[in-house]
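Chemist: Sequence:
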Amino acid sequence: MIKKGLSDKVKSSGLLDEKTFYYYVLSCMIIMPLAELVSEFFGVVYYSQPAILSVYGILGFCLCVLRILYDVKQKDFKWQDVFFCTLFILSMISLIFSTTKPGVEESIYNSELPTHFMAYYSLMYASFQINDKKRRKMLIIAFVGLAFVEGIIGILQTFEIKIQEVLFETTTTQVYGLTENTNFFGGLSVLFFGATLSAFVFAEKRKYKVIFAFFFAITYYCSFNSMARLAWVGDIAIVLFLLVSILIMKKLKKDAENYHGFLVSWLIAIILIIAVTGISFAKSDLPSERISQSVSELESGDFNEFGTARGYIWKYAFESVPKHWTTGIGLDNFRMVFHENPSWHEGDYSRGKAHNEYIHTLATQGIFALLNYLVLLVLSAVKAIKRIIHTEDRMERILTWTVLAMFVGYAVSAMFNSSVINVAMYFWIVIGLLNPREEMGGEKAA
-10 MIKKGLSDKV KSSGLLDEKT FYYYVLSCMI IMPLAELVSE FFGVVYYSQP AILSVYGILG
50 FCLCVLRILY DVKQKDFKWQ DVFFCTLFIL SMISLIFSTT KPGVEESIYN SELPTHFMAY
110 YSLMYASFQI NDKKRRKMLI IAFVGLAFVE GIIGILQTFE IKIQEVLFET TTTQVYGLTE
170 NTNFFGGLSV LFFGATLSAF VFAEKRKYKV IFAFFFAITY YCSFNSMARL AWVGDIAIVL
230 FLLVSILIMK KLKKDAENYH GFLVSWLIAI ILIIAVTGIS FAKSDLPSER ISQSVSELES
290 GDFNEFGTAR GYIWKYAFES VPKHWTTGIG LDNFRMVFHE NPSWHEGDYS RGKAHNEYIH
350 TLATQGIFAL LNYLVLLVLS AVKAIKRIIH TEDRMERILT WTVLAMFVGY AVSAMFNSSV
410 INVAMYFWIV IGLLNPREEM GGEKAA
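The numbering of the sequence shown is this note's numbering, which starts it at -10 and goes up by one.
Keep in mind that the hints were calculated from the coordinates and are not lab data.
Here the structure is a predicted model, which means the values were calculated and not measured.
Treat each hint with caution, since some may be false.
Okay, derived cross-link-like pairs now, EDC-like style, lysine to aspartate or glutamate, Cα gap no bigger than 20 Å in a straight line [said to hold, decoys possible]:
#: 1; residue 1: K242; residue 2: E385
#: 2; residue 1: K126; residue 2: D6
#: 3; residue 1: K123; residue 2: E286
#: 4; residue 1: K372; residue 2: D382
#: 5; residue 1: K122; residue 2: E427
#: 6; residue 1: K123; residue 2: E7
#: 7; residue 1: K240; residue 2: D382
#: 8; residue 1: K122; residue 2: E385
#: 9; residue 1: K304; residue 2: E286
#: 10; residue 1: K126; residue 2: E286
#: 11; residue 1: K126; residue 2: D382
#: 12; residue 1: K312; residue 2: E286
#: 13; residue 1: K67; residue 2: E29
#: 14; residue 1: K126; residue 2: E381
#: 15; residue 1: K123; residue 2: E329
#: 16; residue 1: K151; residue 2: E7
#: 17; residue 1: K372; residue 2: D121
#: 18; residue 1: K8; residue 2: E385
#: 19; residue 1: K62; residue 2: E427
#: 20; residue 1: K126; residue 2: D244
#: 21; residue 1: K239; residue 2: E193
#: 22; residue 1: K123; residue 2: E193
#: 23; residue 1: K239; residue 2: E385
#: 24; residue 1: K123; residue 2: D6
#: 25; residue 1: K375; residue 2: E278
#: 26; residue 1: K67; residue 2: E7
#: 27; residue 1: K122; residue 2: D382
All chains should be modelled from the sequences, with the hints used to inform the complete structure.
Modeler: In structure tokens form, the structure reads like this:
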């Protein structure tokens, strides 16, 4: 009764309203890269973001729990609430039963603290609460704005104009934005690509078409020039998804009056993509080298060499599953899949991430956590598709369509990606934006 009384009191103060959750999400989206930008000017790289996300994790978790307690009292407990609880419970179980890590040194890149997972789930849950179309539109605009800012920084990096040298340099380091790693930026750029491409395709007024075409071209240039092949895969998935979606909507006679405009915009986007790709090949030898590397890896037939040793990493991950299939080897404890394997020896190649977010979840949190995560993704996508098909509200359709494009691109790229704090948080926001709650604690949806 004390907890329920507390939730009622907080709710009456307005702290559990949609507006609060909206500003919670928006401020986190903006503060994270802004803090990194400011800190880099002072020569301090990648230390502000982990601390900031931890603060957001603690604050957000408290807000979300109070909101759930209030909804339970109002008998308004929904499927979104269920997944917030299951995600957190399964991750904490994995943490409790985590194996020890004697002698294993983790770099800051590979450190996802419990408070960071709290932030992921809280950002998702907070995004679920944002039902007002104008607020959801503003969050998508925020994605586009961030894409532009990171894009300008990325373009400068291709001309060797940098605030700070990249902290974690790969053999193909080109564009890394404010993430300090080209692969990290590659994953983030897929979300930006989905947002800017959709904004261009669905924009109604010509002046907005021109603006979003400019933003889209910048975003694609940086995404391609990250030289992260996971970004290339995600971008292709988004392009194909939008084409198929437009064709399906035409067949279902949804937005029939706009079909021609959507298709023409999509074709113009393809022309822009070809032009920017040509410019990238003319400017640098890196694209050709990456393609040659990919062909060489496929022709070799050596699974260990696939995807810059991703096959090697996945093999160790799968070999650890039989022993730790229930709770995983431990939350963010992936490097132990090497240290526990008898065939691995000190000094051999190892990584703190699986470079596949699904395999990483399986190895670190176990089969139940992976299934829970996959069900969340599938259910979110299916419900979003139904929303697009059945709603008569054009803005609602376009908003959901845009977020779904971002979702699909990242979900595909995640097969080769690593979950890191300054990228993964945005995907959790996208998951939440796909399916806002239609009713919230007895309140009318906006």
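Chemist: Just to be careful, I want the Cα atoms of K123 and E286 compared with a cutoff of 20 Å; is the pair within it?
Modeler: violated, 47 Å
Chemist: Keeping to a limit of 20 Å between CA atoms, is the pair of K122 and D382 held or broken?
Modeler: holds, 10 Å
Chemist: Check the hint pairing K240 with D382 against an upper bound of 20 Å on the C-alpha distance.
Modeler: holds, 18 Å
Chemist: Assess, step by step, whether the Cα of K126 is no farther than 20 Å from the Cα of E286, and give holds or violated.
Modeler: violated, 42 Å
Chemist: Tell me if the straight-line CA distance from K375 to E278 falls inside 20 Å.
Modeler: Outside the cut-off at roughly 42 Å; violated.
Chemist: If you draw a straight line from the CA of K126 to the CA of D382, is it 20 Å or shorter?
Modeler: Measuring from Cα to Cα gives roughly 14 Å; hence the hint holds.
Chemist: With a cut-off of 20 Å on the C-alpha distance, tell me whether K126 and D6 pass.
Modeler: With Cα atoms ~18 Å apart, K126 and D6 stay inside 20 Å; holds.
Chemist: Take a quick look at whether K372 and D382 sit within 20 Å of each other, Cα to Cα.
Modeler: holds, 16 Å
Chemist: Under the criterion that the straight-line Cα-Cα distance not exceed 20 Å, is the pair K151, E7 satisfied?
Modeler: Not satisfied, since the Cα-Cα distance of roughly 39 Å exceeds 20 Å.
Chemist: When you check the alpha-carbon spacing of K8 and E385, does it fall within 20 Å?
Modeler: Between K8 and E385 the Cα gap is close to 19 Å, so the pair holds against 20 Å.
Chemist: Below or equal to 20 Å on CA atoms is what counts here, so check K126 against E381.
Modeler: holds, 17 Å
Chemist: Starting from K239, check that the Cα of E193 is at most 20 Å away, please.
Modeler: With a Cα-Cα distance of about 18 Å, the restraint between K239 and E193 holds, given a limit of 20 Å.
Of the numbered hints given earlier, the model fails hints 3, 10, 12, 13, 15, 16 and 25; all others are met.
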